[in-house]
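**Student:** Here's the letter readout for the chains.
Number of protein chains: 2
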Amino acid sequence: MAGPLASRQKPERQFAPGQAHTCVFSESPPKLIVSPASSSLGQKPELKDLILMADSKPLLSLDGDPAAAEALLQDVFGIVVDEVIRKGTSASEKVCEWKEPEELKQLLDLELRSEGESQEQILERCRAVIRYSVKTCHPRFFNQLFSGLDPHALAGRIVTESLNTSQYTYEIAPVFVLMEEEVLKKLRALVGWSSGDGVFCPGGSISNMYAMNLARYQRYPDCKQRGLRALPPLALFTSKECHYSIKKGAAFLGLGTDSVRIVQADERGKMIPEDLEQQIRLAEAEGAVPFLVSATSGTTVLGAFDPLEAIADVCQRHGLWLHVDAAWGGSVLLSQTHRHLLDGIQRADSVAWNPHKLLSVGLQCSALLLRDTSNLLKRCHGSQASYLFQQDKFYDVTLDTGDKVVQCGRRVDCLKLWLMWKAQGGQGLERRVDQAFALARYLAEELKKREGFELVMEPEFVNVCFWFVPPSLRGKKGSPDYNERLAKVAPILKESMVKKGSMMIGYQPHGTRGNFFRMVVANPALTRVDMDFLLNELEQLGQDL
Amino acid sequence: MAGPLASRQKPERQFAPGQAHTCVFSESPPKLIVSPASSSLGQKPELKDLILMADSKPLLSLDGDPAAAEALLQDVFGIVVDEVIRKGTSASEKVCEWKEPEELKQLLDLELRSEGESQEQILERCRAVIRYSVKTCHPRFFNQLFSGLDPHALAGRIVTESLNTSQYTYEIAPVFVLMEEEVLKKLRALVGWSSGDGVFCPGGSISNMYAMNLARYQRYPDCKQRGLRALPPLALFTSKECHYSIKKGAAFLGLGTDSVRIVQADERGKMIPEDLEQQIRLAEAEGAVPFLVSATSGTTVLGAFDPLEAIADVCQRHGLWLHVDAAWGGSVLLSQTHRHLLDGIQRADSVAWNPHKLLSVGLQCSALLLRDTSNLLKRCHGSQASYLFQQDKFYDVTLDTGDKVVQCGRRVDCLKLWLMWKAQGGQGLERRVDQAFALARYLAEELKKREGFELVMEPEFVNVCFWFVPPSLRGKKGSPDYNERLAKVAPILKESMVKKGSMMIGYQPHGTRGNFFRMVVANPALTRVDMDFLLNELEQLGQDL
Numbered sequence: 332m333a334g335p336l337a338s339r340q341k342p343e344r345q346f347a348p349g350q351a352h353t354c355v356f357s358e359s360p361p362k363l364i365v366s367p368a369s370s371s372l373g374q375k376p377e378l379k380d381l382i383l384m385a386d387s388k389p390l391l392s393l394d395g396d397p398a399a400a401e402a403l404l405q406d407v408f409g410i411v412v413d414e415v416i417r418k419g420t421s422a423s424e425k426v427c428e429w430k431e432p433e434e435l436k437q438l439l440d441l442e443l444r445s446e447g448e449s450q451e452q453i454l455e456r457c458r459a460v461i462r463y464s465v466k467t468c469h470p471r472f473f474n475q476l477f478s479g480l481d482p483h484a485l486a487g488r489i490v491t492e493s494l495n496t497s498q499y500t501y502e503i504a505p506v507f508v509l510m511e512e513e514v515l516k517k518l519r520a521l522v523g524w525s526s527g528d529g530v531f532c533p534g535g536s537i538s539n540m541y542a543m544n545l546a547r548y549q550r551y552p553d554c555k556q557r558g559l560r561a562l563p564p565l566a567l568f569t570s571k572e573c574h575y576s577i578k579k580g581a582a583f584l585g586l587g588t589d590s591v592r593i594v595q596a597d598e599r600g601k602m603i604p605e606d607l608e609q610q611i612r613l614a615e616a617e618g619a620v621p622f623l624v625s626a627t628s629g630t631t632v633l634g635a636f637d638p639l640e641a642i643a644d645v646c647q648r649h650g651l652w653l654h655v656d657a658a659w660g661g662s663v664l665l666s667q668t669h670r671h672l673l674d675g676i677q678r679a680d681s682v683a684w685n686p687h688k689l690l691s692v693g694l695q696c697s698a699l700l701l702r703d704t705s706n707l708l709k710r711c712h713g714s715q716a717s718y719l720f721q722q723d724k725f726y727d728v729t730l731d732t733g734d735k736v737v738q739c740g741r742r743v744d745c746l747k748l749w750l751m752w753k754a755q756g757g758q759g760l761e762r763r764v765d766q767a768f769a770l771a772r773y774l775a776e777e778l779k780k781r782e783g784f785e786l787v788m789e790p791e792f793v794n795v796c797f798w799f800v801p802p803s804l805r806g807k808k809g810s811p812d813y814n815e816r817l818a819k820v821a822p823i824l825k826e827s828m829v830k831k832g833s834m835m836i837g838y839q840p841h842g843t844r845g846n847f848f849r850m851v852v853a854n855p856a857l858t859r860v861d862m863d864f865l866l867n868e869l870e871q872l873g874q875d876l
Numbered sequence: 332m333a334g335p336l337a338s339r340q341k342p343e344r345q346f347a348p349g350q351a352h353t354c355v356f357s358e359s360p361p362k363l364i365v366s367p368a369s370s371s372l373g374q375k376p377e378l379k380d381l382i383l384m385a386d387s388k389p390l391l392s393l394d395g396d397p398a399a400a401e402a403l404l405q406d407v408f409g410i411v412v413d414e415v416i417r418k419g420t421s422a423s424e425k426v427c428e429w430k431e432p433e434e435l436k437q438l439l440d441l442e443l444r445s446e447g448e449s450q451e452q453i454l455e456r457c458r459a460v461i462r463y464s465v466k467t468c469h470p471r472f473f474n475q476l477f478s479g480l481d482p483h484a485l486a487g488r489i490v491t492e493s494l495n496t497s498q499y500t501y502e503i504a505p506v507f508v509l510m511e512e513e514v515l516k517k518l519r520a521l522v523g524w525s526s527g528d529g530v531f532c533p534g535g536s537i538s539n540m541y542a543m544n545l546a547r548y549q550r551y552p553d554c555k556q557r558g559l560r561a562l563p564p565l566a567l568f569t570s571k572e573c574h575y576s577i578k579k580g581a582a583f584l585g586l587g588t589d590s591v592r593i594v595q596a597d598e599r600g601k602m603i604p605e606d607l608e609q610q611i612r613l614a615e616a617e618g619a620v621p622f623l624v625s626a627t628s629g630t631t632v633l634g635a636f637d638p639l640e641a642i643a644d645v646c647q648r649h650g651l652w653l654h655v656d657a658a659w660g661g662s663v664l665l666s667q668t669h670r671h672l673l674d675g676i677q678r679a680d681s682v683a684w685n686p687h688k689l690l691s692v693g694l695q696c697s698a699l700l701l702r703d704t705s706n707l708l709k710r711c712h713g714s715q716a717s718y719l720f721q722q723d724k725f726y727d728v729t730l731d732t733g734d735k736v737v738q739c740g741r742r743v744d745c746l747k748l749w750l751m752w753k754a755q756g757g758q759g760l761e762r763r764v765d766q767a768f769a770l771a772r773y774l775a776e777e778l779k780k781r782e783g784f785e786l787v788m789e790p791e792f793v794n795v796c797f798w799f800v801p802p803s804l805r806g807k808k809g810s811p812d813y814n815e816r817l818a819k820v821a822p823i824l825k826e827s828m829v830k831k832g833s834m835m836i837g838y839q840p841h842g843t844r845g846n847f848f849r850m851v852v853a854n855p856a857l858t859r860v861d862m863d864f865l866l867n868e869l870e871q872l873g874q875d876l
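For the record, the sequence lines run as chains A and B.
So the first sequence is numbered by the numbering used here: it starts at 332 and just counts up by one.
So the second sequence is numbered by the numbering used here: it starts at 332 and just counts up by one.
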């Protein structure tokens, strides 16, 4: 049994044969170092003494048995395979097991106590956690912009977790420093850049914030030291369909939400370049200094793509940083058929792209890509911590990329994407993207054939937005309380489907429109059967409304 | 074979017997929906056609075989057990396999191509990634403030990755919304608070930024909307030993690094409260408005604990927000023996605490804890996105905690800590903390017994800072180039140990002191053998210097 501890109990082997390397043991028996009073026989030893008496034995083991650690992990992995990978992805199982919060608290027994629990109890806890969690890998989980389970990506995540390192230096993350650069290079190439910079961030919101911070720093490098008070009032521009992280970011970065100027969108949710031009002039007239436009490729609700070429023209004319929030739509760049939706993205200064969404890589995997080749990222964020980024290291310290970010420790987010890409190839990923588009189109066509379904608009991406009009409201459009009553349908059906566990799909109001469903086709395991199921299930759940 | 796809090929079982629920299949054969030109027999079909022809078959499977997904994951898990959990934690194996960057690039073959690879290739890639990665779980990895491998925490991470959800709503993370609250409650109780708020952040740097943003918002709620330009110049205070994230945060939040006023520390690295008082008066005299003091519990290099009671007195006198950056030292609160080092922490307004460091929970697990009970977190960061935080949901929407944060999607960081705590109990975790202290003390005492080792100072925590003085420099203290030559020793020894793979320990210059080693005792698997090894190995590596 070559467990982690077994080898610690006997003199250690030389790990590098041929190199003189002798391991010396502390020959003396364990002794109390700190405690002034050691316990004598017959007296109950104090906890402190016990601790010190024990300190020559490692604590990693479970009950002193090194094999138990492996056994535990084998058992937990077996549960994961059975309950998540097998049942969780099966359409014949529930997508969720709804419990009211108070009941769930009781079922989970969440309290953290002084006493530890047995291995059997721990395994039962893992089962309970999985049982009552929503299965985002289930083929009827349509609720978010992420779903599905890619086995290669999950394999990458498990390896990542087992290696447990931070992305900051080549010293402790040699593989991942090089791998991150290679993955970012590939993503940049798909944007259309042969050079540039980038980094993986903890989510698209923070990627967007990075873009905002970089844009203001590039224009006013003083800002880093002297702050926003040293600057004129700044203005940034985004459409009313943008993700809410733009406003959150403006507040967090000290710009204030007022600095976000909202540009009108057309009826399909695309930014209107003429209104952008107008808003820029307006801001300037009010004394603000425009510095950034954030366009969106794949809006959250409607899945709209802003016209990047026209927006880039405006940015060029006014000398503004163009950021493209392609957190959702960026993966479309993989498709030769559909990538025209992002035409002009190569003219951006920065792009946020979350492969954890449409590519099912797993939360989180969000790339901020930059066209910059002047080391802007490091100049903007660097602080040269001397305990981490020593300049007298024996290797090329430009490989220590950790000073590019505002985090210190940073998770490894590249391996899961890299491994999945190696397995699927770019072709396999392209096929997935194309299939998602095809299924969304299929759903839209099927939906038109049925009474009781109404598209909000023709989908251009994999968001299919529609109303379910229940029998009692059919043919009543135009009646005074129609909209109000229709808006109540989605919340009622949502409750029914969740409590039944049959599927999950999101809804929202939008502008002047009342609640409608937003179907998201992202899980690569989806088929037409799942699209048909969605429609049938809504019909059934809503038949008495 | 009940794989994820098997059930999709036959009519689906009712998932909730007793409820009328009929699954309807699309009876018609797969047909082309979009493509205008379908391929005829004998002609090579276009990719586009293939895609659409294929779209009734799911893509999740590996080569159409649903069992292959499970098999892959089983194989990868087997590799993880062998290579990381068994060998990676074994002292008889190397802690790292050093390769020069260019050679490593060749070995890894990082390029992402169009073609996918076979399962055998993918498994070999997993092996290579592990082989060339640093084993942070190895008992001779002393390089960072995190190390070791807790099997329960890793089990929690694997379950987390398999469930792949986001922490934002009760709807899609019912278990984790409740669990996060319970874990935060426990951490708050250890701080000394019976109520409050909090959230897990992607690392301590961002937890610290949150504290800064909350403090300014509490004082100037206008800031969220109107930005920093609407405010007087602000000043925050921290000691020269603080983590570099305070300055990074000030820059990112638009305050500018100049807003960070540096307070003197004593010879042990602790903030001097009298100088804090002095700096506050100075800032006020210069027209700045003090708003926050960031004290540190467990500084990065020396492991110093700022005197919180005295600092809290100063904050109280001046009405300042007291943040305690206890990212490193927070876990000491678990120890009845040592928690006095943080006396006064209950008087803080906010605390950052990273269980991923001393408790070996795995990257990342960083809690921001708040004493506030006025919903400050949500008021400061909330933006009420209507597509996510619908107010007409069928459950209590205060459970949708996602609007408390500046992220949108947010990883589940609570399960790994919760599961480890359930298994170890608070007692087991306390024992680990106490053992780390005892081992650090043991190392310091052993070090004093040997010629050629010099403590920078007596450790008060688990950071043991010392110089290794090689034979050629012994007895030469005071000679003109002594300091300069001594400073070159650590980088040379670091190169030797990394290339040999025997161990990893960090070094840094600090103030006027030249490079010294910082030993960190955090891995719960450490024993005195490992401390002795460290000393012996340095003696051997440096014998010819």
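Worth flagging that the hints you see were computed from the coordinates, not collected in a lab.
Possibly wrong hints are sitting among the right ones.
Computed, partial: chain B to chain A, Cβ under 7 Å [unchecked claim]:
| no. | residue |
| --- | --- |
| 1 | Ala398 |
| 2 | Gln437 |
| 3 | Val506 |
| 4 | Gly558 |
| 5 | Ile603 |
| 6 | Leu694 |
| 7 | Gln695 |
| 8 | Ala716 |
| 9 | Gln755 |
| 10 | Gly809 |
| 11 | Ser810 |
| 12 | Pro811 |
| 13 | Asn814 |
From the structure, some residues in chain A lie toward chain B, with a derived Cβ separation under 7 Å [as the list claims (entries may be wrong)]:
| no. | residue |
| --- | --- |
| 14 | Gly409 |
| 15 | Val412 |
| 16 | Leu443 |
| 17 | Glu446 |
| 18 | Gly447 |
| 19 | Ser464 |
| 20 | Pro482 |
| 21 | Leu521 |
| 22 | Gly523 |
| 23 | Ser525 |
| 24 | Gly527 |
| 25 | Leu559 |
| 26 | Val737 |
| 27 | Cys739 |
| 28 | Gly806 |
Computed from a prediction, not measured in an experiment: that's the story for all the values here.
From the three backbone atoms N, C-alpha and C, an ideal C-beta is built for every residue, glycine too.
**Student:** Indicate, hint by hint, whether the structure satisfies it.
**Tutor:** A quick look at each hint next to the structure:
A least Cβ separation of about 10 Å between B:Ala398 and chain A goes past the 7 Å threshold, and the interface hint is therefore violated. Given hint, B:Gln437 at the interface with chain A, is violated; its Cβ is 11 Å from that chain's nearest Cβ, farther than 7 Å. A least Cβ separation of about 5 Å between B:Val506 and chain A falls short of the 7 Å threshold, and the interface hint therefore holds. For the restraint placing B:Gly558 at the interface with chain A, the shortest Cβ-Cβ distance is roughly 3 Å, inside the 7 Å limit, so the hint holds.
For B:Ile603, the interface hint is violated, the least distance from its beta-carbon to any beta-carbon of chain A being 22 Å, above 7 Å. Using the Cβ-Cβ criterion of 7 Å, the hint placing B:Leu694 at the interface with chain A is satisfied: the shortest such distance is roughly 6 Å. For B:Gln695, the interface hint holds, the least distance from its beta-carbon to any beta-carbon of chain A being 6 Å, beneath 7 Å. Checking B:Ala716 against chain A: minimum C-beta separation of about 4 Å stays under 7 Å; hint holds.
At a threshold of 7 Å, the smallest CB-CB gap from B:Gln755 to chain A is about 5 Å, leaving the interface hint in force. The interface hint given for B:Gly809 is broken, as the beta carbon of that residue sits about 24 Å from the closest beta carbon of chain A, more than 7 Å. Interface hint at B:Ser810: violated, since its Cβ lies 21 Å from the closest Cβ of chain A, which is beyond the 7 Å cut-off. Below 7 Å, beta-carbon pairs count as interface contacts, and B:Pro811 has none with chain A, the closest being about 20 Å; its hint is therefore violated.
About 14 Å separates the beta-carbon of B:Asn814 from the nearest beta-carbon of chain A, more than 7 Å, and the hint is not met. Here the hint on A:Gly409 is broken, as its CB sits about 9 Å from the closest CB of chain B, past 7 Å. Contact between A:Val412 and chain B, as hinted, is supported at the beta carbon level, the nearest pair being about 6 Å apart and thus within 7 Å. Because the closest C-beta pair between A:Leu443 and chain B is about 5 Å apart, less than 7 Å, the hint holds.
With a least beta-carbon distance of about 4 Å to chain B, the hint placing A:Glu446 at the interface is held under the 7 Å criterion. Checking A:Gly447 against chain B by beta carbon gives a least distance of about 4 Å; that is within 7 Å, so the hint holds. Using the Cβ-Cβ criterion of 7 Å, the hint placing A:Ser464 at the interface with chain B is satisfied: the shortest such distance is roughly 5 Å. Taken as an interface hint, A:Pro482 checks out: its beta carbon lies about 4 Å from the nearest beta carbon of chain B, inside 7 Å.
The beta carbon of A:Leu521 comes no nearer than 10 Å to any beta carbon in chain B, farther than 7 Å, and the hint placing it at the interface is violated. Below 7 Å, beta-carbon pairs count as interface contacts, and A:Gly523 has none with chain B, the closest being about 16 Å; its hint is therefore violated. Hint on A:Ser525 is violated. Least Cβ distance to chain B is approximately 15 Å, over the 7 Å limit. The criterion of a C-beta within 7 Å of any C-beta in chain B is not met by A:Gly527, whose closest approach is roughly 16 Å, and the hint is violated.
At its closest, the beta carbon of A:Leu559 sits 4 Å from a beta carbon of chain B; the interface hint therefore holds under the 7 Å criterion. Interface hint at A:Val737: satisfied, since its Cβ lies 5 Å from the closest Cβ of chain B, which is below the 7 Å cut-off. For A:Cys739, the interface hint holds, the least distance from its beta-carbon to any beta-carbon of chain B being 5 Å, beneath 7 Å. For the restraint placing A:Gly806 at the interface with chain B, the shortest Cβ-Cβ distance is roughly 25 Å, beyond the 7 Å limit, so the hint is violated.
When held up to the earlier numbered hints, the structure conflicts with 1, 2, 5, 10, 11, 12, 13, 14, 21, 22, 23, 24 and 28 and fits the remainder.
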